[in-house]
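Number of protein chains: 2
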Amino acid sequence: MKKYIEVYDYYKNLIVSGQYKKGDKVPSIRESSSILSVSKTTVQSAYFELQADGYIISQPQSGYYVSDAVHTLQAEEAAEPENEKIIYDLKSGDADSESFDLALWQRYIKSALRQQDRLLSYSAPKGELDLREALSVYVREKRNVVASPNRIVVGAGVQALLGILCLLMKDRSTVSFPTDGFEQGISLFNGHGYDVHIRDKDADIIYVSPSHMTSYGDVMPIKRRLELVRYSEQNGSLVIEDDYDSDFLYQSKPTPSLFALSGAGNVVYMGSFSNVLIPGIRLSFMVLTSELAERFEKMQSCFAQTASKTEQIALCGYIRDGHIAAQTRKIRRHYTAKTKLLFDELKKQMPRLDTSISENGLAIKIKAKFDGGKEDFENHGMSVHVYSIKDGEIRLALIPSALEAERIPQAVTIIKEVLDYA
Amino acid sequence: MKKYIEVYDYYKNLIVSGQYKKGDKVPSIRESSSILSVSKTTVQSAYFELQADGYIISQPQSGYYVSDAVHTLQAEEAAEPENEKIIYDLKSGDADSESFDLALWQRYIKSALRQQDRLLSYSAPKGELDLREALSVYVREKRNVVASPNRIVVGAGVQALLGILCLLMKDRSTVSFPTDGFEQGISLFNGHGYDVHIRDKDADIIYVSPSHMTSYGDVMPIKRRLELVRYSEQNGSLVIEDDYDSDFLYQSKPTPSLFALSGAGNVVYMGSFSNVLIPGIRLSFMVLTSELAERFEKMQSCFAQTASKTEQIALCGYIRDGHIAAQTRKIRRHYTAKTKLLFDELKKQMPRLDTSISENGLAIKIKAKFDGGKEDFENHGMSVHVYSIKDGEIRLALIPSALEAERIPQAVTIIKEVLDYA
Numbered sequence: 001m002k003k004y005i006e007v008y009d010y011y012k013n014l015i016v017s018g019q020y021k022k023g024d025k026v027p028s029i030r031e032s033s034s035i036l037s038v039s040k041t042t043v044q045s046a047y048f049e050l051q052a053d054g055y056i057i058s059q060p061q062s063g064y065y066v067s068d069a070v071h072t073l074q075a076e077e078a079a080e081p082e083n084e085k086i087i088y089d090l091k092s093g094d095a096d097s098e099s100f101d102l103a104l105w106q107r108y109i110k111s112a113l114r115q116q117d118r119l120l121s122y123s124a125p126k127g128e129l130d131l132r133e134a135l136s137v138y139v140r141e142k143r144n145v146v147a148s149p150n151r152i153v154v155g156a157g158v159q160a161l162l163g164i165l166c167l168l169m170k171d172r173s174t175v176s177f178p179t180d181g182f183e184q185g186i187s188l189f190n191g192h193g194y195d196v197h198i199r200d201k202d203a204d205i206i207y208v209s210p211s212h213m214t215s216y217g218d219v220m221p222i223k224r225r226l227e228l229v230r231y232s233e234q235n236g237s238l239v240i241e242d243d244y245d246s247d248f249l250y251q252s253k254p255t256p257s258l259f260a261l262s263g264a265g266n267v268v269y270m271g272s273f274s275n276v277l278i279p280g281i282r283l284s285f286m287v288l289t290s291e292l293a294e295r296f297e298k299m300q301s302c303f304a305q306t307a308s309k310t311e312q313i314a315l316c317g318y319i320r321d322g323h324i325a326a327q328t329r330k331i332r333r334h335y336t337a338k339t340k341l342l343f344d345e346l347k348k349q350m351p352r353l354d355t356s357i358s359e360n361g362l363a364i365k366i367k368a369k370f371d372g373g374k375e376d377f378e379n380h381g382m383s384v385h386v387y388s389i390k391d392g393e394i395r396l397a398l399i400p401s402a403l404e405a406e407r408i409p410q411a412v413t414i415i416k417e418v419l420d421y422a
Numbered sequence: 001m002k003k004y005i006e007v008y009d010y011y012k013n014l015i016v017s018g019q020y021k022k023g024d025k026v027p028s029i030r031e032s033s034s035i036l037s038v039s040k041t042t043v044q045s046a047y048f049e050l051q052a053d054g055y056i057i058s059q060p061q062s063g064y065y066v067s068d069a070v071h072t073l074q075a076e077e078a079a080e081p082e083n084e085k086i087i088y089d090l091k092s093g094d095a096d097s098e099s100f101d102l103a104l105w106q107r108y109i110k111s112a113l114r115q116q117d118r119l120l121s122y123s124a125p126k127g128e129l130d131l132r133e134a135l136s137v138y139v140r141e142k143r144n145v146v147a148s149p150n151r152i153v154v155g156a157g158v159q160a161l162l163g164i165l166c167l168l169m170k171d172r173s174t175v176s177f178p179t180d181g182f183e184q185g186i187s188l189f190n191g192h193g194y195d196v197h198i199r200d201k202d203a204d205i206i207y208v209s210p211s212h213m214t215s216y217g218d219v220m221p222i223k224r225r226l227e228l229v230r231y232s233e234q235n236g237s238l239v240i241e242d243d244y245d246s247d248f249l250y251q252s253k254p255t256p257s258l259f260a261l262s263g264a265g266n267v268v269y270m271g272s273f274s275n276v277l278i279p280g281i282r283l284s285f286m287v288l289t290s291e292l293a294e295r296f297e298k299m300q301s302c303f304a305q306t307a308s309k310t311e312q313i314a315l316c317g318y319i320r321d322g323h324i325a326a327q328t329r330k331i332r333r334h335y336t337a338k339t340k341l342l343f344d345e346l347k348k349q350m351p352r353l354d355t356s357i358s359e360n361g362l363a364i365k366i367k368a369k370f371d372g373g374k375e376d377f378e379n380h381g382m383s384v385h386v387y388s389i390k391d392g393e394i395r396l397a398l399i400p401s402a403l404e405a406e407r408i409p410q411a412v413t414i415i416k417e418v419l420d421y422a
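Line by line, the protein sequences give chains A and B.
Oh and the first sequence: position 77 is 77 in our numbering, straight run, nothing missing.
Oh and the second sequence: position 124 is 124 in our numbering, straight run, nothing missing.
Hints may contain errors.
Same chains, same names: a pair is fine if it fits in one copy or spans any two.
List time: in silico DSS-like cross-link candidates among lysine-lysine, alpha-carbon distance up to 25 Å [said to hold, decoys possible]:
1. Lys201 <-> Lys25
2. Lys25 <-> Lys170
3. Lys142 <-> Lys12
4. Lys21 <-> Lys142
5. Lys223 <-> Lys12
6. Lys142 <-> Lys3
7. Lys85 <-> Lys298
8. Lys374 <-> Lys298
9. Lys142 <-> Lys22
10. Lys3 <-> Lys223
11. Lys416 <-> Lys340
12. Lys3 <-> Lys25
13. Lys223 <-> Lys340
No lab work stands behind these hints, which were simulated from the structure alone.
Note that the structure is a prediction, hence the values are computed from the model and not measured.
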């Protein structure tokens with residue numbers, strides 16, 4: 001091994017081990033050469049490397065010192081935050097272990113990983129063509145969203161897709177959101193310089209989630225959908241329809257999509273699979289208007305595909321073989337049954353509680369007398385959606401999807417205690 | 001089956017099959033009821049559904065007409081673009097089949113898919129903690145980038161990460177790129193309202209890719225790295241170091257990273273695995289400055305993780321077990337050998353050709369007399385990086401990574417023909 005490397009390692013170890021602390025002065029080149037009995041030039045090369053690698057810094061006319069970088073590490077590691085344990089998750093909307101057949105999904109992932117040639121290249125900016133073809137059929141049959149594959153763009157989550165839209169819609173300047181709750185969308189549009197309004201039907205861009213209007217899971221009635229479509233057409237505004245949670249609707253036939261209701265083609269349709277499959281799978285897609293699709297073509301080179309190619313290939317097969325439809329029916333039954341279970345338990349333990357099931361069947365709304373705070377739930381290891389606590393009254397929603405059915409009774413007992421129900 | 005559904009299907013089929021064309025008038029409710037001998041109300045419900053599903057639209061005081069939506073589909077399907085065949089890919093930088101042990105990766109994906117509980121929840125905005133811990137060790141050992149896991153953010157590709165930075169750096173307004181070639185970055189910063197300059201050392205934000213300065217694969221020498229670091233510190237500007245391709249550098253010990261050279265902590269380090277593993281795997285990460293890491297914490301709720309959770313878990317194990325290091329050595333040998341092969345073949349067939357291997361060992365530069373156009377290569381099913389064609393001279397680069405070794409001789413013969421070498 002080269003001599004200077006030994007010197008390098010000698011000091012590197014002293015520093016990393018913490019025997020030399022941040023700001024400590026390191027022996028001068030002359031001192032080192034005598035301490036370690038090596039030539040000055042050897043020490044010089046070693047010190048250069050130590051400097052280059054960020055272990056020491058040189059102060060002109062003063063000498064060499066241990067740099068901050070190394071020690072910020074230890075400081076930060078100490079600061080690594082600890083996330084407190086949630087035992088009763090009635091907020092996240094995560095999935096439970098019975099909701100999804102992972103073994104089946106694994107088979108599709110495996111066969112995707114066998115398609116080596118495809119994995120050797122980058123995915124097209126819009127996503128894999130065969131997946132977009134499958135999606136074109138899927139949204140047409142499911143939501144009567146009629147569009148060819150070249151109007152469909154795949155991405156890793158709705159935020160990734162909104163990021164693309166932000167770049168495509170620069171001819172518009174104001175955007176409306178139904179509530180101020182969707183921070184991921186709002187911060188993104190703000191960041192791109194759009195004026196963000198709340199519930200402004202005259203905005204250039206109108207973002208709505210008709211099957212999930214509130215975190216309570218209220219659904220936009222057909223009448224309001226038709227009004228929104230007509231008004232936006234007259235106004236020449238663009239509607240972004242995030243069809244999130246439409247799969248969970250009680251009705252056998254869900255309310256028609258805005259995209260299908262609109263003849264004018266001013267609606268961008270967005271769908272996601274994170275909730276039909278499992279959150280761990282980040283796959284969303286959007287159906288662009290013809291105009292935006294053309295712009296995307298022109299700007300192709302500005303966009304990189306974010307979704308995993310393996311998962312795109314797997315999802316394509318999964319859809320073609322009809323598993324999405326089956327899975328959708330399964331979770332709808334599964335989660336709405338669980339919500340009903342929680343509802344009945346609430347009624348059983350608290351007959352006089354003001355409570356109701358949300359329209360999409362996924363959440364339970366509660367209104368109750370309350371003079372405590374949010375932390376009262378957290379202190380019991382429970383997370384819930386708190387909307388308001390004022391005038392001695394609390395409004396909250398419970399989303400039981402992630403909570404195992406057998407733990408619902410204990411959960412309700414805790415809620416009863418926190419609400420001090422008597 | 002309900003009567004009105006039959007009527008619904010009857011007209012739906014006429015429309016989808018194309019027997020009723022866009023704009024055609026549909027029989028009135030009265031007419032339909034007599035044609036199909038069903039009650040008016042049955043027809044009414046059917047027409048409502050047809051309307052709701054976007055097949056027909058009603059014109060007040062006129063009647064029902066076939067809507068545009070249905071037919072745009074056929075029009076667009078016709079317009080679906082055909083991408084012409086590239087037989088000799090000397091441009092994309094895609095991987096070849098020998099470069100990556102997919103079977104090994106499959107094992108890690110499989111074990112990741114066994115961690116059901118983890119896949120049931122959304123990934124943290126920064127990415128999976130254990131992966132960030134593994135990355136913290138990885139970049140420290142490999143590039144002397146010293147930072148704790150809570151300063152590391154994972155994402156699906158560099159563009160996804162730059163999108164996050166654009167939101168975190170709103171206190172800065174100008175950004176400098178080394179060339180105008182990186183459209184994905186430039187359009188993103190433009191979209192966020194930053195002033196984009198080219199090679200402006202006084203910009204608030206300086207994006208550089210020191211190991212891949214030009215598409216020729218030139219490497220930034222240590223001297224210029226130190227200058228850049230010092231100057232940016234004095235200027236209080238933020239440096240974004242995209243360490244893309246550093247893995248391929250000839251030297252046993254690659255040039256130190258800007259992050260390591262900088263004592264002032266004003267460098268954001270970015271790394272990607274798409275080129276070390278395979279492009280099909282979209283996994284990148286960045287090391288934030290302490291300041292930006294704090295801002296990220298505050299804005300947590302604004303960011304959604306884009307990278308596949310399964311692939312994050314798999315990569316974590318893959319790194320911990322030391323496969324990344326081995327894989328890096330493997331592809332470096334593999335690709336630089338292939339470049340050498342192409343170089344020798346060029347010399348063999350065209351002894352007088354002005355050609356040289358790029359510093360990162362991945363590309364070959366060529367300068368030659370030429371009075372043709374880019375299309376001359378494409379006409380031979382070959383894609384190359386053309387930089388300039390002027391004054392009867394062409395400058396281009398060949399990136400052989402995706403081309404199988406045994407096809408190099410034919411490729412060179414084609415280049416010889418196109419360049420009309422004699």
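The hints, checked one at a time:
1. In the homo-oligomer, the alpha carbons of Lys201 and Lys25 never lie at most 25 Å apart, since the shortest distance is 65 Å inside one protomer and 32 Å across protomers.
2. Taking the shortest alpha-carbon separations for Lys25 and Lys170, neither the intra-copy value of 55 Å nor the inter-copy value of 38 Å comes in at or below 25 Å.
3. Only between protomers do Lys142 and Lys12 lie at most 25 Å apart by alpha-carbon distance; the minimum there is 15 Å, versus 62 Å within a single protomer.
4. Taking the shortest alpha-carbon separations for Lys21 and Lys142, only the inter-copy value of 23 Å comes in at or below 25 Å, while the best intra-copy value is 64 Å.
5. Proximity of Lys223 and Lys12 under a CA criterion of 25 Å is satisfied inter-copy only: 23 Å between copies versus 71 Å inside one chain copy.
6. With identical chains, the CA atoms of Lys142 and Lys3 are at most 25 Å apart between copies only, with a shortest distance of 21 Å across copies and 71 Å within one.
7. In this assembly of identical chains, the alpha carbons of Lys85 and Lys298 lie at most 25 Å apart only when taken from different copies (20 Å versus 48 Å within one copy).
8. Taking the shortest alpha-carbon separations for Lys374 and Lys298, only the inter-copy value of 20 Å comes in at or below 25 Å, while the best intra-copy value is 50 Å.
9. Taking the closest pair of Cα atoms, Lys142 and Lys22 come within 25 Å of each other only across two copies (22 Å); inside a single copy the shortest separation is 62 Å, beyond that limit.
10. For the identical chains of this complex, Lys3 and Lys223 are inter-copy neighbours only, at 24 Å across copies versus 82 Å inside a copy, given an alpha-carbon limit of 25 Å.
11. Taking CA atoms no more than 25 Å apart as the test, Lys416 paired with Lys340 passes inside one copy only; the shortest distance there is 18 Å, against 74 Å between copies.
12. Taking the shortest alpha-carbon separations for Lys3 and Lys25, only the intra-copy value of 22 Å comes in at or below 25 Å, while the best inter-copy value is 91 Å.
13. In this assembly of identical chains, Lys223 and Lys340 lie within 25 Å of each other by CA distance neither inside one copy nor across copies; the values are 28 Å within and 69 Å between.
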